[in-house]
Amino acid sequence: MASIQCSVSVPSLPKLSNTFTNNTIRFFSVNPSNSNTNCRVRASASSSSPTLGEAAMSIDNLRRFFDLNIGKWNGSFYQFDSCGSMLQQLNTKLSVSSYGEDELMSLIQTLYIKQPSSSTSISGDDNDTEWAEYKIKETNMFTVDKYQQIGFFPSEKAFALRYQTAGMLETVLRQGVLGEDDTGEESPRNLKLPSRRPSVVCENCLYSLQRDMRARAFHILDPKGTVDMLIIFLEERSDGSPPLLDSSRDMKNRITPFLGKWKGNSITKRSGVYGSTIAEADTVVLHEMDGSGQLIQDVTSTSDVKNVTTNVHWTGTISDNLVTFDGGYQMILLPGGMYMGCPCDIAKSVAESKSFHLEFCWLETPDKRQRLVRTYDVEGLAVSSTYFFETKL
Numbered sequence: 001m002a003s004i005q006c007s008v009s010v011p012s013l014p015k016l017s018n019t020f021t022n023n024t025i026r027f028f029s030v031n032p033s034n035s036n037t038n039c040r041v042r043a044s045a046s047s048s049s050p051t052l053g054e055a056a057m058s059i060d061n062l063r064r065f066f067d068l069n070i071g072k073w074n075g076s077f078y079q080f081d082s083c084g085s086m087l088q089q090l091n092t093k094l095s096v097s098s099y100g101e102d103e104l105m106s107l108i109q110t111l112y113i114k115q116p117s118s119s120t121s122i123s124g125d126d127n128d129t130e131w132a133e134y135k136i137k138e139t140n141m142f143t144v145d146k147y148q149q150i151g152f153f154p155s156e157k158a159f160a161l162r163y164q165t166a167g168m169l170e171t172v173l174r175q176g177v178l179g180e181d182d183t184g185e186e187s188p189r190n191l192k193l194p195s196r197r198p199s200v201v202c203e204n205c206l207y208s209l210q211r212d213m214r215a216r217a218f219h220i221l222d223p224k225g226t227v228d229m230l231i232i233f234l235e236e237r238s239d240g241s242p243p244l245l246d247s248s249r250d251m252k253n254r255i256t257p258f259l260g261k262w263k264g265n266s267i268t269k270r271s272g273v274y275g276s277t278i279a280e281a282d283t284v285v286l287h288e289m290d291g292s293g294q295l296i297q298d299v300t301s302t303s304d305v306k307n308v309t310t311n312v313h314w315t316g317t318i319s320d321n322l323v324t325f326d327g328g329y330q331m332i333l334l335p336g337g338m339y340m341g342c343p344c345d346i347a348k349s350v351a352e353s354k355s356f357h358l359e360f361c362w363l364e365t366p367d368k369r370q371r372l373v374r375t376y377d378v379e380g381l382a383v384s385s386t387y388f389f390e391t392k393l
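Quick note, the sequence shown lines up with residues 1 to 393 if you use the working numbering.
Among these hints, one or two may not hold up.
[As the list claims (entries may be wrong)] Pairwise CB distance ranges (calculated): (1) Lys135 <-> Gly293: 48 to 54 Å; (2) Arg211 <-> Asp290: 32 to 38 Å; (3) Ser241 <-> Leu393: 34 to 40 Å.
[Claimed, not checked] In silico SDA-like cross-links for lysine to any residue, where the CA-CA straight-line distance does not exceed 20 Å: (4) Lys306 <-> Ile278; (5) Lys157 <-> Val96; (6) Lys261 <-> Leu286.
Hints were generated in silico from the structure; no laboratory data involved. From the three backbone atoms N, C-alpha and C, an ideal C-beta is built for every residue, glycine too.
Please put together the full structure from these sequences, using the hints given.
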């Protein structure tokens, strides 16, 4: 077995005067005088010392997060461009275990990437298949809370994480596509690599409602604030064959499975291991095509506490697998009943001191879907995550 010993590094961040020392959006420096005061107060409050009750809850949540991940996962890795066209498909295996107790618990993850046959290989025997090994940096209470700014939904089996580099994903692509023939070139021929300086790398993970399977979706945005690429890991905790994205039902038009009225509920939590609940709401989402072939999206949300109803109405233009809404938001349609949403230009949102969100939707069956939305403030801090479960009426 070919072995590559490396890890996802977490470099120290520069000091920012009057702003967060957490990750910041690196499109340009945000003037502290124009920063959103509410966001700053919210962040400082979340970084204060936890109470004993919160600390105990954090340890319990961390244990549940580890339990959700531990095991041997067989997977398929998919790379898509910014328009939803598939670039690569690879086979992966992920081995996850843990050690330690309470606040000293750590998660160990080793990723194995199936390597292509070498150009010098003369054997076509599957038994000669080699797997490159990639050791992911250990995860613990500090890393998931401060660096990855976890958004975790234990009961719903969903979570969101943030990364400072796309090093792991680059390694998967290099080893899965080039294997032993990798010359270390900056831009290998026929291989699209993540930006060396990604601005945002966000993972949204949703677990299957039917099987011991999950989908991990990565938004990778470049320094200009636009989509660099999209990544999907479809993984099953088993020793069998890896699961595959089912594209049979969306060969004609990927938007079709999402059309109709969807009713459900949402829960929003603050970022962090403790992750207190901010809000819960009932939701109704309508997707329909109008007479001119445009997509109409109408979202109604009613909060559980104050019974306040809000409505957002967007009109979108469809071009192949890309839906661009008039509000500057885009929906990138993927195979297997999935889509990933994000602003068309995050740098513009930051320049206008607007928060933004990244979305992953998985329609596993024709009448049920899950969505996970990660919300960022203008400083680039992942302040909250929202989980949606909806059924088709």
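Task: Violated constraints from the hint list, given by number and in increasing order - done: Every hint satisfied by this model.
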